[in-house]
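Participant: Keeping the supplied structure of chain A fixed, place chain B upon it in accordance with the hints.
Chains as they are written, first to last, in full-length UniProt numbering: chain A, 1 to 550; chain B, 1 to 310.
These are computed hints drawn from the structure, not numbers from a lab.
No more than 30 angstroms apart at the CA atoms, straight line, and that leaves these computed lysine-lysine pairs for DSSO-like:
(1) A:Lys-430 to B:Lys-54
(2) A:Lys-430 to B:Lys-28
(3) A:Lys-138 to B:Lys-52
(4) B:Lys-46 to A:Lys-175
(5) B:Lys-39 to A:Lys-468
(6) A:Lys-430 to B:Lys-39
(7) B:Lys-54 to A:Lys-144
(8) B:Lys-165 to A:Lys-298
(9) A:Lys-56 to A:Lys-255
(10) B:Lys-54 to A:Lys-215
(11) B:Lys-46 to A:Lys-168
(12) B:Lys-39 to A:Lys-144
(13) B:Lys-165 to A:Lys-302
(14) B:Lys-46 to A:Lys-161
(15) A:Lys-466 to B:Lys-39
(16) B:Lys-54 to A:Lys-208
(17) B:Lys-52 to A:Lys-208
(18) A:Lys-207 to B:Lys-52
(19) A:Lys-239 to B:Lys-39
(20) B:Lys-165 to A:Lys-306
(21) B:Lys-165 to A:Lys-528
(22) B:Lys-52 to A:Lys-161
(23) B:Lys-54 to A:Lys-168
(24) A:Lys-185 to B:Lys-39
(25) B:Lys-39 to A:Lys-481
(26) A:Lys-407 to B:Lys-28
(27) A:Lys-408 to B:Lys-39
(28) B:Lys-165 to A:Lys-258
(29) B:Lys-46 to A:Lys-144
(30) B:Lys-52 to A:Lys-168
(31) A:Lys-215 to B:Lys-52
(32) A:Lys-95 to B:Lys-39
Derived list of chain B stretches under chain A, where covered just means 3 residues or more per stretch with a C-beta under 8 angstroms from a C-beta of chain A:
(33) 35 to 41
(34) 144 to 155
(35) 158 to 168
The beta-carbon is built from N, C-alpha and C at its ideal position, and this holds for glycine as well.
Below are the chains, spelled out letter by letter.
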Amino acid sequence: MKKNVFALVSSIAVLGTALAGCGGGQPAAAPPAGGTTPAPSQPATPAAEKKPQVLKMNLHSEPPTADPGLAEDTTSGAIILATFDGLTRIGTDDKPHEAAAESYTVSDDKLTYTFKIRDAKWSNGDPVTAHDFEYAWKRALDPKTASNYAYQLYYVKNGEKANKGEAKLDEVGVKALDDKTLEVKLENPTPYFLELLAFRTYFPVNKKVIEANPKWAGEASSHVGNGPFKIESWEHKSKMVLVKNENYWDKDNVKLEKIEFSMVEDENTELSMFENGEIDWAGAPMSALPTDAISALKEQGKIQTKPIAGTYWYKFNTEKPPFNNIKVRKAFAYSIDRQALIDNILQTGQIPATGAVPPSMVLNPNGYFKDKDLENAKKLLEEGLKEVGMSKLPPITLSYNTSEAHKKIAEAIQDQWKKNLGVDVKLENKEWKVYLEDMHEGNFQIGRMGWLGDFNDPINFLELFKDKMGGNNDTRWENAKYKDLLNQSAKESDLEKRKKILADAEQILMDEMPIMPIYWYTQSWVQKPEVKGVHQTGLGDVDWKGAYIE
Amino acid sequence: MIRYLGKRIIFMLISLFLIVTATFFIMKAVPGGPFTSEKQVPPEIKAALEAKYKLNLPLHEQYFEYLKGVVTWDLGPSFTEKSSTVNDMISRGFPVSAHLGAQALLLAIFGGITLGVIAALNHNKWQDYSAMVIAVLGLSVPSFILASFYQYIFAIQLGWFPIAKWEGFEYTILPSLALAASPMAFIARLTRSNMIEVMGQDYIKTAKAKGLHTVAITVKHAIRNALLPVVTYLGPLIAGILTGAFVIERIFGVPGLGREFVLSITNRDYTVIMGTTVFYSIILVVMILIVDIAYTLVDPRIKLSDAGKE
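Bound conformation, chain A alone:
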């Protein structure tokens, strides 16, 4: 009897794998079989008329809002970037170019910017004026608006004080001198200010529209923007259609007539829809590719990747032994093999991180330490243990938030620490918000985190560790010299000198290693080859302004 059951179970298992094999095999086998059909149709296309300029995408989830002052997430961000235009816009060269501003002048002390606003119209026909910018910025800074991203405007004079209720909104350094002239005063010379202007919190909003309807940004009918596209229809959680905005000042360079978004959250479904030809794009930046599909897609050579400004790191709690010791922290950081992790686990071309600041804004291109430096790691661990007066390490727990991807990485690193350092580490996962709260409160030994840049400047990463109790530090690490260097960098208007100061600061961060950088993020996606000109910025944002179908 027992034997029979075993036979049954094993035959089912075999059948199951066979079926699974079929499932995996068929799509792989499909291209050669179907390869003949697309081939003849290809020469036919140039003869046919110009392809309809319609891009079909999956937005993954419903954009929570299309209000530039309130948006916090990438989905909203993408829709806002498509439907609004800031004073500047990031071009295909990843640099800011004049957009809603026709031209600008900067004072010698780099503290005052004067923008000349271009003659342009909102999608409802109203003229875009300097007052719209002044209104938008003050609205975002108004504590009553409760904008989560208001801190992006802290570079403007009195922005921070106004947002914290310590100064009046009238004192904020933004003023429309007339309809066409906007004067902006800054707190400090900010070399990346023109780039910041391309961020959504700096976008204008139409005062009349907002005052007439506070819920203007939730429906297609009431939404008004000044960008290359406008929202034609918005069926919540189901689909959204953007069409070219005929009132856009640069409409001649907008080739797409229409972008149709579906909102399907399941990544496997999204990929199936792509493979079935229903959408033109799957994966980043709006969504992600299913992790299980990545190696197959890679083998077929379909997958595309692009580095983005973000670092995946583990944070040490520098107040709890043994990680209150620099050498122990370094030993843990040096002993992992980042390249092997990327090749075997992540598989989408990530870059091993040997510094905190990602390559697009790099301060020291050579890195601050060697990946997989086992000799040093072992020596450092021994010395470190001696310094804290321990003969062996206490139990160590590595925490991460519940997710398949983080789990795989944690398991691989746990294994490397065991092999390379002879250390046993326990893994622990927690639900996302519980995890965040524990990290912010210091209830961890080693914890996973990552940081995606808000703008392309090293300060964005270095500032995280400036204050011991700063909202995003978590490591409880603080260093007087480091702090001092960051303060200096804010006042420095000479770019080269500033870079040197920041590089010195990063050196301190990597010498003390409150964080252990693991890899620099990449985005990966699949797309139809005829889709061209979709610009993905180094920050992971997407701009469809110049996109077209070939």
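Facilitator: Below, chain B alone, put in the same frame as chain A:
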């Protein structure tokens, strides 16, 4: 009967009140809040956010505010969907979930009862075995596997139906089938076992003895009695299936209410957690009442009274 209904409605209101209270306090006890995020905002902004959503009030005041909101059916703004209120989300999502649910329910009830009756009438024959194999598969294969399987076979391989999205009747078929599978299997098994039991009863034998046709016996006498447990099961099933199914909605990209239930908890979107829970509870208690009333229709021996003796 009226006295009975009145009493039941009072009990319903009490249960709703208890559900609202328990959910509210459990929700507040869970660590992390709607504004806990990877990129922490300065404390001043957080304070402004909390003031905007009245989270700065003492807990009991928040609770009374909320009770007031439930009574007036003003469930407040969503924390994550900045441009929507919870009322908006429910009135957008519920019709979709209800449409999908109703289709799945019809499939489940008719399919399940048919399978169950066929199996019982052909007890221990091949029809019985095949019906029960279908039922066991329906119960034991998780819906996400079934859903992906349907997508693969019917949408990708055969191209009969669209893979996902929600734009017309043809889009509703695969999700309805996937959603109906497990309740259909359950109903089939329930019907079968009850039918087998009922078919052995004396009055069926009497009916047979007096020469009634098998069809008449089955339809008039047997099914009616065999359905009582099915009716009991229908109450919670209807409430569950109408208010959305997270997994199915996610896989097929259906803009229903099911996702709000699950995602609101991950997001700590307090107002949405409360709103969807209250909404679901209302449907649930109403359905249970309707089921009790339906008993009297199926089985005239049952009388609704609060006397306690029947």
